[in-house]
Amino acid sequence: MARGDEQGRRRRSGDQAPGRGVRFRIGPFTGRLSDVTPLDIDALLDDHSVHIVVCCGSGGVGKTTTSAALGVRAAERGRRVVVLTIDPARRLAQSLGLEQLDNTPRPVRGVDTSTGGGLDAMMLDMKRTFDEVVEAHASPDKAEQIFANPFYQALSSSFAGTQEYMAMEKLSQLRTHLSGEPGRDGRWDLIVVDTPPSRSALDFLDAPERLSSFLDGRLIRILLAPARGPARVFTAGISVVTGVLSKILGGQMLRDVQTFVSAFDALFGGFRARAEQTYQVLKAPQTAFVVVASPDIDALREAAFFVERLEAEGMPLAGLVLNRVTDGATGGISAQAALAGAERLDDERLTAALLRLHARRLERAARERAVRRRFAGAHPGVRTATIPALPTDVHDLEALREIGDLLIA
Amino acid sequence: MTGKGGTGKTTVAAALALALAAGGKRVLLCEVEGRQGIASVFDVAPLPYDERRVAVAPDGGQVWALAIDAEAAFLEYLQIFYHLGRAGKLLDKFGVVDFATTIAPGARDVLLTGKVYEAARRRKHERPVYDAIVLDAPPTGRVGRFLNVNSDVAGIAKVGPIRNQATSIMDFLRSPQTRVQLVSSLEEMPVQEVLDSYDEMHDIGLAVGGIVVNFARESELTKTELANARNGRLDLQRIGSALKEAGINGGDSALAALEDEARQHAERVAIEAKQRRRLQDTGCPIVELPEVSEGVDLGTLYDFADRLRDCEAIS
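Protein sequence lines, in the order shown, are assigned to chains A and B. Under the numbering used here, the first residue of the first sequence is numbered 1, with each subsequent residue one higher. Under the numbering used here, the first residue of the second sequence is numbered 1001, with each subsequent residue one higher.
Please keep in mind that the hints were generated in silico from the structure rather than gathered at the bench. Honestly, I wouldn't trust all of these hints.
Computed list of lysine to any residue pairs in SDA-like fashion (alpha-carbon distance at most 25 Å, straight line) [said to hold, decoys possible]:
1. B:K1223 x A:R349
2. B:K1093 x B:K1025
3. B:K1158 x A:R349
4. A:K127 x B:A1104
5. A:K247 x B:K1274
6. A:K127 x B:K1274
7. B:K1274 x B:E1220
8. B:K1089 x A:K127
9. B:K1025 x B:K1274
10. B:K1093 x A:R218
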């Protein structure tokens, strides 16, 4: 069912996953890895004009671990850091050795604070964040009414998509504690954000625009119509649409949605204003985006998509962090020589096995270099830092520190 | 089919579709995240919102594929159930389509699961069009919300068509006809997410069929050799002379590289054994698919399908 609605397409452009956009150039472009400028992580973390670091990337590339490692390193270099993670799997809690992370920033113990820095960490609880918005901005009566609404209850606790709006809201709240600007309490001077595990990790950036398109659209007028009274003039279109909505949703659910929208009406404005303000801050030089990827074709395709999107939006990209890069040091034995040698060793099973292990590693390293070259060719300006693949899993502060060290090496 | 990002969920879903199609069956493989992952594993052009045959299984089966698009599914739904061809355009004009597919939390998942349900129930000549449907679902972090969305909708819509639709979909997902298959690599976080999902599926009343372990590595080294490699007690002299015998004269640096790689390999194997035990503790049937060092191609898919055929973990 093809739709030729160009405008609709453009509006939803942020929605496009990389496969659909096909903007990752594959073809004659190829770069040399020696030409890739290193991303200087310490310079980034030491830059006191940077107050927000946003880590984005596809799922499973080590985004949360990277955010945590950046947070630990920044804190131990003297920054007062809060890491915000938006992940239902409690991964940050695991890697920071915390039992639990709730909607409030908690100090991470064991971080070296001798340079005057500190590290807090928090995990977004979308329901609690939503409830707090209601409590802070609605009158007690209205708040009661909203909390009792069945539609609100499902919206705030269960539905996918709410997370992106709440992530933006939480980031707005944390910003009010940043130092360096008037009227702020200066509790932190750096926020590290680990983006939500959305379909596209940039869904989060689209949240303010989506909310605006709803608030400025015609649908909200329909949803608000009963509250604003029948005196309003109904166009034929509106009544048809209302009829259809009622047919699909049923009268009761449509009424619940309408009740929610009208009760929340007064709150939308502030909500949108904060989200848009934060969106503007994300475009300012005080923000740095770090795209995280692993050196495989899918993750780098997604990374390419992020890089292009950030460029298009004029958002400040610090660079790419490549995670789990295979160490291609040969120790003087090439893959071919190792395989040939293994063939010759009939009785020395162990040595033959070690040679095959070595060859497999080099082949993997070569494959990774090939996809990295392709990325570098299409995106020559992107600074890159790499983290070698570690034999062990990361789940404590010490390992996060090690990752920080490896990022610099 | 769900698993943490990066664990090869789409590849395993594709292999499962092939396995289920073997023997003359017709299987539909769906994706819902707009990534065109299916097109990429089968090496075909990006899929439109239209069921297309993407592969032929052993013994004449067929795998069809569909990249479900929420917007197209919504318009189709309006057309089928309400005959709202023209009103569909009006809804779009009023922003209803955009609202339902990108703005309103939850609505999108209702549309996506609804389309899967429709395909599962579709009949032609008194029999189902598809013998099986494999859904490459959202990753573990989001799958609970995705699969349970209709239960939430049924909770807020007390009456009306949407309630009926949501209840039927949920009944179908909770029926013995549906199984959730979990995919994991043998790393700590993916395993943890699979274990969390396993509990979550239980909580929302969905049956887990089995766990597919992807990228399983087999070690050529014996237990003793692995232990020695970890503790730095490999017989380097012997390895050194074997290298000379094999005509490799890398000297000490070559030997040191092999020793270091052996240690890392042994550490990895130990972690994998531990993670494997955690998965086994669920009591859930497990099937392992090997790591393919040269990358997954079509041949690998058929090989994986063979391994998945008739195995308890994907019953």
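Status of each hint after checking the structure:
Restraint check: the Cα-Cα separation between B:K1223 and A:R349 comes to about 14 Å, which is no more than 25 Å; the hinted pair holds. For a cut-off of 25 Å, the pair hint linking B:K1093 to B:K1025 is broken: about 42 Å separates their Cα positions. As the CA atoms of B:K1158 and A:R349 are separated by approximately 69 Å, the hinted pair breaks the 25 Å bound. A hinted pair counts as satisfied when its Cα atoms are at most 25 Å apart, and A:K127 with B:A1104 qualifies at roughly 16 Å.
A threshold of 25 Å between alpha carbons decides the hint, and for A:K247 with B:K1274 the separation of about 54 Å lies outside it, so the pair is violated. For the suggested pair A:K127 and B:K1274, the alpha carbons sit about 35 Å apart, so the restraint of at most 25 Å is broken. Distance hint between B:K1274 and B:E1220 is fulfilled; the C-alpha atoms sit about 18 Å from each other, no more than 25 Å. Note on B:K1089 and A:K127: the hinted pairing is violated, with a Cα-Cα distance of about 34 Å set against a maximum of 25 Å.
Only pairs whose Cα atoms come within 25 Å are accepted, and B:K1025 paired with B:K1274 is rejected, the gap being roughly 38 Å. Distance restraint check for B:K1093 and A:R218: the Cα-Cα separation of roughly 8 Å lies within the 25 Å cut-off, and the hinted pair is therefore satisfied.
Going down the numbered hints, you'll see the structure goes against 2, 3, 5, 6, 8 and 9, while the others check out.
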